[in-house]
Amino acid sequence: MADPRFYRSRGPFALGELAQSIGATLAPGADADLKLADVAALDEAGPEHLSFFDNRKYLQSLRQTRAGAVVLAESARGQAPSGAALLFSAQPYYAFALAARAFHPIVAVSRAGISPASHLDPSARLGEGCQVDAGAVIAAGASIGSRCRIRANAAIGEKVVIGDDCDIGAGASLSHCLIGDRVILHPGVCIGQDGFGFARGGEGHLKVPQLGRVIVENDVEIGANSSIDRGSGPDTIIGPGCKIDNLVQIAHNVRLGAGCVIVAQVGISGSTQLGDYAVLAGQVGIAGHLKIGKEAVLAAKSGVHSDVPAGATYGGIPARPIRQWRRMVAAMARLGRNGRGEGG
Amino acid sequence: MADPRFYRSRGPFALGELAQSIGATLAPGADADLKLADVAALDEAGPEHLSFFDNRKYLQSLRQTRAGAVVLAESARGQAPSGAALLFSAQPYYAFALAARAFHPIVAVSRAGISPASHLDPSARLGEGCQVDAGAVIAAGASIGSRCRIRANAAIGEKVVIGDDCDIGAGASLSHCLIGDRVILHPGVCIGQDGFGFARGGEGHLKVPQLGRVIVENDVEIGANSSIDRGSGPDTIIGPGCKIDNLVQIAHNVRLGAGCVIVAQVGISGSTQLGDYAVLAGQVGIAGHLKIGKEAVLAAKSGVHSDVPAGATYGGIPARPIRQWRRMVAAMARLGRNGRGEGG
Amino acid sequence: MADPRFYRSRGPFALGELAQSIGATLAPGADADLKLADVAALDEAGPEHLSFFDNRKYLQSLRQTRAGAVVLAESARGQAPSGAALLFSAQPYYAFALAARAFHPIVAVSRAGISPASHLDPSARLGEGCQVDAGAVIAAGASIGSRCRIRANAAIGEKVVIGDDCDIGAGASLSHCLIGDRVILHPGVCIGQDGFGFARGGEGHLKVPQLGRVIVENDVEIGANSSIDRGSGPDTIIGPGCKIDNLVQIAHNVRLGAGCVIVAQVGISGSTQLGDYAVLAGQVGIAGHLKIGKEAVLAAKSGVHSDVPAGATYGGIPARPIRQWRRMVAAMARLGRNGRGEGG
Chain A
586 MADPRFYRSR
596 GPFALGELAQ
606 SIGATLAPGA
616 DADLKLADVA
626 ALDEAGPEHL
636 SFFDNRKYLQ
646 SLRQTRAGAV
656 VLAESARGQA
666 PSGAALLFSA
676 QPYYAFALAA
686 RAFHPIVAVS
696 RAGISPASHL
706 DPSARLGEGC
716 QVDAGAVIAA
726 GASIGSRCRI
736 RANAAIGEKV
746 VIGDDCDIGA
756 GASLSHCLIG
766 DRVILHPGVC
776 IGQDGFGFAR
786 GGEGHLKVPQ
796 LGRVIVENDV
806 EIGANSSIDR
816 GSGPDTIIGP
826 GCKIDNLVQI
836 AHNVRLGAGC
846 VIVAQVGISG
856 STQLGDYAVL
866 AGQVGIAGHL
876 KIGKEAVLAA
886 KSGVHSDVPA
896 GATYGGIPAR
906 PIRQWRRMVA
916 AMARLGRNGR
926 GEGG
Chain B
586 MADPRFYRSR
596 GPFALGELAQ
606 SIGATLAPGA
616 DADLKLADVA
626 ALDEAGPEHL
636 SFFDNRKYLQ
646 SLRQTRAGAV
656 VLAESARGQA
666 PSGAALLFSA
676 QPYYAFALAA
686 RAFHPIVAVS
696 RAGISPASHL
706 DPSARLGEGC
716 QVDAGAVIAA
726 GASIGSRCRI
736 RANAAIGEKV
746 VIGDDCDIGA
756 GASLSHCLIG
766 DRVILHPGVC
776 IGQDGFGFAR
786 GGEGHLKVPQ
796 LGRVIVENDV
806 EIGANSSIDR
816 GSGPDTIIGP
826 GCKIDNLVQI
836 AHNVRLGAGC
846 VIVAQVGISG
856 STQLGDYAVL
866 AGQVGIAGHL
876 KIGKEAVLAA
886 KSGVHSDVPA
896 GATYGGIPAR
906 PIRQWRRMVA
916 AMARLGRNGR
926 GEGG
Chain C
586 MADPRFYRSR
596 GPFALGELAQ
606 SIGATLAPGA
616 DADLKLADVA
626 ALDEAGPEHL
636 SFFDNRKYLQ
646 SLRQTRAGAV
656 VLAESARGQA
666 PSGAALLFSA
676 QPYYAFALAA
686 RAFHPIVAVS
696 RAGISPASHL
706 DPSARLGEGC
716 QVDAGAVIAA
726 GASIGSRCRI
736 RANAAIGEKV
746 VIGDDCDIGA
756 GASLSHCLIG
766 DRVILHPGVC
776 IGQDGFGFAR
786 GGEGHLKVPQ
796 LGRVIVENDV
806 EIGANSSIDR
816 GSGPDTIIGP
826 GCKIDNLVQI
836 AHNVRLGAGC
846 VIVAQVGISG
856 STQLGDYAVL
866 AGQVGIAGHL
876 KIGKEAVLAA
886 KSGVHSDVPA
896 GATYGGIPAR
906 PIRQWRRMVA
916 AMARLGRNGR
926 GEGG
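Residue numbers (our numbering), protein chains in the order written: chain A, 586 to 929; chain B, 586 to 929; chain C, 586 to 929.
It is possible that part of the hints are untrue.
Put simply, identical chains are the same to the list, so a pair is met inside one copy or across any two.
In silico DSS-like links for lysine-lysine, alpha-carbon gap of 30 Å or less [what the hints assert, rightly or not]:
#, residue 1, residue 2
1, 642, 792
2, 792, 620
3, 879, 792
4, 876, 792
5, 620, 876
6, 620, 744
7, 876, 642
8, 620, 879
9, 642, 620
10, 744, 879
Worth flagging that the hints you see were computed from the coordinates, not collected in a lab.
Starting from the given sequences, assemble the full structure and let the hints guide the process.
Here it is, written out as structure tokens:
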């Protein structure tokens, strides 16, 4: 149950209204007038909570839940306790997410206002209804839209442009970038610094001026301590709706299509392009100048050294079609069972 | 030898007292009244220093050391120079650590006081003897115990609770969390931001409100630029005495038992649980919703896709019992020696 | 073409002068008096731009470029459009880099001056011509050379020493370190915090005082959110001219020789040493107490558990000579094609 220290529900809402607003179907016999105060996980919910079931690993939690109501697939109805009101959805987690957003709307600003302990250059422009926290620095010529939150000790560099309804995390650093609307940058994100560009040839490594930008399109979310270098000349582009997790590295000139999902600690080398809705699982590494097709999926820890076709699922080091990789690992396992060890 | 610019020893101490306080035994003939000014590594020590020997890679350094005294296993006595006074311990590095802490006690606060250049909300509470550095931001309703250090440009979010004797690094960001006593957060640590929670189903990815907290128990240390997301509803929990290295990613709802050791650049996916004293070597990645047993050990770079039993040592991608993995690699090496290359 | 919002060219320059200053040869018929306003990538260049060709992946871009002039290898001359003036160089990217630096000199300071919103301890010393941005904190006894830029919300710890012409990124944190001349630290870099040092033996893990420093020599560049722990007694040393990318972890007592190239998300464990000009590709992990020889190259994602000889190229997990690793992978692939899968 959400700690009231940190969260306050907009509820209660009636079950029937809620079902309608999230596109779920009330099970026969469920009381449409039942008041629900908040959402909660199966293990933590009480009679005043709405919960959800979407992963068979948590079947035992479903069977034992004390939740007043549960969103689930109709096929799972027999597993829920008789006391719980049921809401059927073909996409239970998505329906639950809609409900959770009704109880806890996602807004960047909690109290509009500019902290006197923030540092705004007189030439910076802010839209209406922004909240700028103590220690935030907004440099000369920066332009920030309406209803943005600039959190403590964030640093917005010269002439950076930020759209409306953005949430810029504590200690984040932005330079040489244009940020769209409804973008969320978590704490410690670094955007727009020089890429890793140098030329070998004389003595030592000669730093090459990096003359591009980072373009972050609408509805992007970027996780804590991730870094996105600016382009070397062309821009680095993060397409609309991309979800990027923590500690991700995106090098200069990389282009992500729309809706890509980049899990934690992935690294994407310079000038590589991802098609729309590509999915990179945790700790994947991709070499430079490659093309990863639309809706391609790369398994966790893959090391990618060649293009990946649209729609394909690849895995392994070096990455190849995942079935092929699994057969390789299986063959290796059979050999290992027969053979002797290396050094015992 | 410690640079006096940065470190000041509390010594000198007499060898006999020191031996007693660290649980070591003075070798026959060692002068209990010998004064030692400080600790130092074998290669850098002089006659006024205590050093230690605990890794056979440094045997040559032991043989050549000019240290006044050395802590080592009694079995290594024959390798030390005749001029060095010897202290015997079954755990030489542990004994040395105790000595080093006598010369250089670990305390968070160097000079208590609140910098006038820090930003404390009037509703924040601080215990006695804290030191708050310039640029630190402590938001409304935050509560900080006694003898804490909040370093430059750290950002403590609303209603965050921190216990006694904590050391919060420069530029660290905390929100939605409860921190125990004697916790050390290194610079750039991000704790409590939204987890990577979104539902697929409609158009784009729907962000799901994250309504849990991060609980960091007593005596935890977290390395530079590591990130720990708050729970989605349940909490993310870091058990007492855990040691977490730099650039580690811990996702929402993860639970670490007591005393886990998490080496740099490890990533732990959502809802995975680690038993007490589990050890994860560098760059390990663990998928979500798994159980890693008590005292399990995962070799560096392992990719873990299934539960790991208590006490087991696993390695490889996908991870399996380490002997099995080693046999697989050995079999593969034999094959490689016989076969032709792929693409030459 | 560089966005004038963020970049201003020092051009125009005449082609002939430019060719001379970058050590390139004007192709027969090229107009030495042609004025060039700036540099740009092949795809984005117009008649007023100088571009370059150095990677056959971009041959199509060369053929279609509208660039006024292109630096390339003489052997590629037949591929360039007839309208482009050609400059021949045996190292086209290096020559282009020199030209780019003529149009866009790399200097840390844009307008010298100390922001009244920065926090300088009265005992800190700054050389001439520095620029200190809002929110930067410079602690007691710190010493900073001439023409340095200390960006917003950077935290320079007590008694830290920084040389001349350094650029310290937003939100960076420095302690217990000595920094040379012309060093560039990108945003979020953490240098000098405690290493991951603790002794096992009693109950829990006993933190060991870390009494060394970080020495960063001249002309080093360190990427965003990278972390370098200080030595435990010996120092951690980054040799002159090293190029370190984003999100890299360097543990206590590591020593890098001159000119090493460390790509993003590499992790180097404690006390390991790299020879001059060693190259570590992305996401490499190296165990502790190893020696990586001069000019050794480690392929992306390698896991290194033993010493690597000078000049060798290693790859794989565990890393071995790259040809051997490739043969192993090829053999495994052949087996996989013949065999059945593990679990389908």
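Evaluated hints:
1. In this assembly of identical chains, the alpha carbons of residue 642 and residue 792 lie at most 30 Å apart only when taken from different copies (22 Å versus 51 Å within one copy).
2. Taking the shortest Cα distances, residue 792 and residue 620 sit within 30 Å of each other only across copies (24 Å), while inside one copy they are farther apart (63 Å).
3. In the homo-oligomer, the alpha carbons of residue 879 and residue 792 lie at most 30 Å apart only across protomers (22 Å), although the nearest pairing inside one protomer, at 34 Å, exceeds that limit.
4. Proximity of residue 876 and residue 792 under a CA criterion of 30 Å is satisfied in both settings, with 26 Å inside one chain copy and 28 Å between copies.
5. When the C-alpha separation of residue 620 and residue 876 is checked against a cutoff of 30 Å, the pair qualifies neither within a copy, at 51 Å, nor between copies, at 36 Å.
6. Within a single copy, residue 620 and residue 744 get their C-alpha atoms only as close as 49 Å, which misses the 30 Å cut-off; across copies the closest is 29 Å, which meets it.
7. Taking identical chains as interchangeable, the C-alpha atoms of residue 876 and residue 642 lie at most 30 Å apart only when they sit on different chains, with a minimum of 12 Å there against 36 Å within one chain.
8. For a Cα distance limit of 30 Å, the shortest separation of residue 620 from residue 879 qualifies neither inside one copy, at 44 Å, nor across copies, at 42 Å.
9. Taking identical chains as interchangeable, the C-alpha atoms of residue 642 and residue 620 lie at most 30 Å apart only when both belong to the same chain, with a minimum of 29 Å there against 62 Å between chains.
10. Proximity of residue 744 and residue 879 under a CA criterion of 30 Å is satisfied in neither setting, with 33 Å inside one chain copy and 43 Å between copies.
When held up to the earlier numbered hints, the structure conflicts with 5, 8 and 10 and fits the remainder.
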